[in-house]
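Each chain, letter by letter, is given below.
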Amino acid sequence: MSLKRNIQDLRKRKIEAQKGGGDVAIEKQVAMGKLTARERILYILDENSFHEYDLFVEHLARDFDMDKKVLHGDGVITGTGTIYGLPVCIYAQDFTVAGGSLGLMHARKITKIMDHALKMRVPLIGINDSGGARIQEGVNSLAGYGEIFFRNTIASGVIPQISVILGPCAGGAVYSPALTDFVFVVENISKMFITGPNVIKTVLGEEISMEELGGAKVHCEISGNAHFYARSEQDCFEQIKKLIDYIPRNNTEKAQKKEPREPLKKYNIDNIVPSNPRYPYDIKDIIKSITDGSEFFEIMEMYAPNIVIGFGRLDGKTCGFVANQPKVLAGVLDCDSSDKAARFIRYCDSFNIPIITLEDMPGYLPGVDQEHMGVIRHGAKILYAYSEATVPKITVIIRKAYGGGYIAMNSRHLRADFVFAWPTAEIAVMGPEGAANIVFRKEIMEAEDPEAMRKQKIEEYKEKFANPFVAAAKGYVDQVIEPSETRSMLLHALDVSENKSVQMPRKKHGIPPF
Amino acid sequence: MDVNDDNIYGEYPTLLIGSGKYLTNITSKFQNRKKWEPHDPKKILTVIPGTVIDVLVKSGQMVKKGETLLILEAMKMQNQILMPFDGKIKKVYIKPDEKVPKNYLMIEIA
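Residue numbers (my numbering), protein chains in the order written: chain A, 1 to 514; chain B, 1 to 110.
Don't take each hint at face value.
[Claimed, not checked] Straight line, CA to CA, 35 Å or less: simulated DSBU-like cross-link-like pairs of lysine-lysine:
#, chain 1, residue 1, chain 2, residue 2
1, A, K284, B, K21
2, A, K265, A, K241
3, A, K14, B, K43
4, A, K68, A, K28
5, A, K462, B, K35
6, A, K201, B, K21
7, A, K284, B, K43
8, B, K99, A, K474
9, A, K462, B, K64
10, A, K68, A, K14
11, A, K464, B, K21
12, B, K29, A, K288
13, A, K317, A, K507
14, A, K217, B, K64
15, A, K507, B, K95
16, B, K102, B, K91
17, B, K91, A, K217
18, B, K58, B, K29
19, A, K284, B, K76
20, A, K507, A, K257
21, B, K21, B, K43
Simulated from the structure, these hints should not be mistaken for lab results.
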């Protein structure tokens, strides 16, 4: 064979293998409203940056006549490329090849690119679109999943791991996304569950559609398994690129600094918060009145919306925001919002992202369901995450900071680096109504007009304690600031914290209240 | 903003936390939360969904504590459901081969 013929042969083989499951299967994929695995990778990565490996890998199944079947690439495309010029490792399961089912070699391709990502300290993006384990390969496919889960765990907190669910992701397969940092889902396309509607129907007689059981909305709103919701695959890919732009490539670096920008004029920080603590407002307006270009990239927007988490930039540097949302459930902490915030705090801490906490909450949510669901151990996660975090931690108390919630929301006592309070702040052991009822119980009971006395005592308590100055007098609050000073105080505090260094006692790992 | 007028927040429902009343949106998850009910020991409920294999008691029958009431197959295991205390069966709500969900009332004790 001449070199020319060798090259032609190679090209022919590549074209053949790149077709995946072939034209008919691709047509079916398109009919389901889905892009192909290759299209997905090319959309996410910079133009002409994708380099594929293991295209010629063949499956090893010999039973059930599988040896006669050709499965191009064994149902998964793996490779490297760049996003905004920075390298990433990526894989996409190809549903057109045996339903994207996971066999031994399929798994080996994935684990190889994962090992690569970890070794090179670059982010890993995994696109899931698979019918699950390849039953013909038996326990080998289970072994494959196990090898993936193990690597997800080992790489956790070292490199960013992103999972994109663009098709079914069922049974054991769901645990890889669950172990990664961020899960992206798309309306009508993503389906995640441990046991599907059919099993549930045969075993339990309960009828439910795939969408209602484990669709995109369910995981964004109810289960909290997914972090980003998109209406189309293209929207989803734009979100991924935006996220990648906010975070560092690994746990030894900081996020890339961007050109600093002022917030937009339309977010006037003096004009957002009603001073009456009973009244709602949108905390995201406060965040946008502080961040560069008034940009805020929210995470888990639909889950536990009583707490808001996400990224914004201050002076061009990525910061993680954790903020109570008075507009929803008065901004209380509960099981879900504690889980949501705690995990995000740990993410920021792992990846050297300073944490800005904006506080306005009346405490933990009362209720039998909350207590029985374990609000004690869930709520403890926030305390744990803040206490353990060694990145710069800055708190701004905007209005209510009552009771256990005050301690939990990155208080001085959990080693906040800076605690600022607005003059509207109410830092107290509990709300004035409750406190007055306890402290002045005798006076109220014995009064001629208990209701009038109660009102008077509540006012008295408010006057004396529902303000930032009691805490400031003890040094728990570093400075009481005007709202309009917030951004400049934060910028300065971040500058001062640039080289923050904290020594923690040596340990293998802590035992957080998972 | 120094507005002291509930009316401009008219679209917000009220949430009571401690003794503070707040105008705020309520999430559907919060709204749909299950009301707690005390457990009635006279009602034998399923703790796991499954299939009734056999029912060993009839209504009106006297049963001693520890005797088997029924066999429920769940997660490929056959579980004996035992009488919690001496008593009389008031009503049996299930029959063999029936599939039952979680928290389903199977037997009531008088």
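Here is how each hint holds up against the structure:
no.	hint	result
1	A:K284 / B:K21	holds (22 Å)
2	A:K265 / A:K241	holds (27 Å)
3	A:K14 / B:K43	violated (67 Å)
4	A:K68 / A:K28	holds (23 Å)
5	A:K462 / B:K35	holds (34 Å)
6	A:K201 / B:K21	violated (44 Å)
7	A:K284 / B:K43	violated (49 Å)
8	B:K99 / A:K474	violated (63 Å)
9	A:K462 / B:K64	violated (62 Å)
10	A:K68 / A:K14	holds (20 Å)
11	A:K464 / B:K21	holds (20 Å)
12	B:K29 / A:K288	holds (27 Å)
13	A:K317 / A:K507	holds (31 Å)
14	A:K217 / B:K64	violated (50 Å)
15	A:K507 / B:K95	violated (57 Å)
16	B:K102 / B:K91	holds (19 Å)
17	B:K91 / A:K217	violated (42 Å)
18	B:K58 / B:K29	violated (41 Å)
19	A:K284 / B:K76	violated (50 Å)
20	A:K507 / A:K257	holds (32 Å)
21	B:K21 / B:K43	violated (38 Å)
Of the numbered hints stated above, those contradicted by the structure are hints 3, 6, 7, 8, 9, 14, 15, 17, 18, 19, 21, listed in ascending order.
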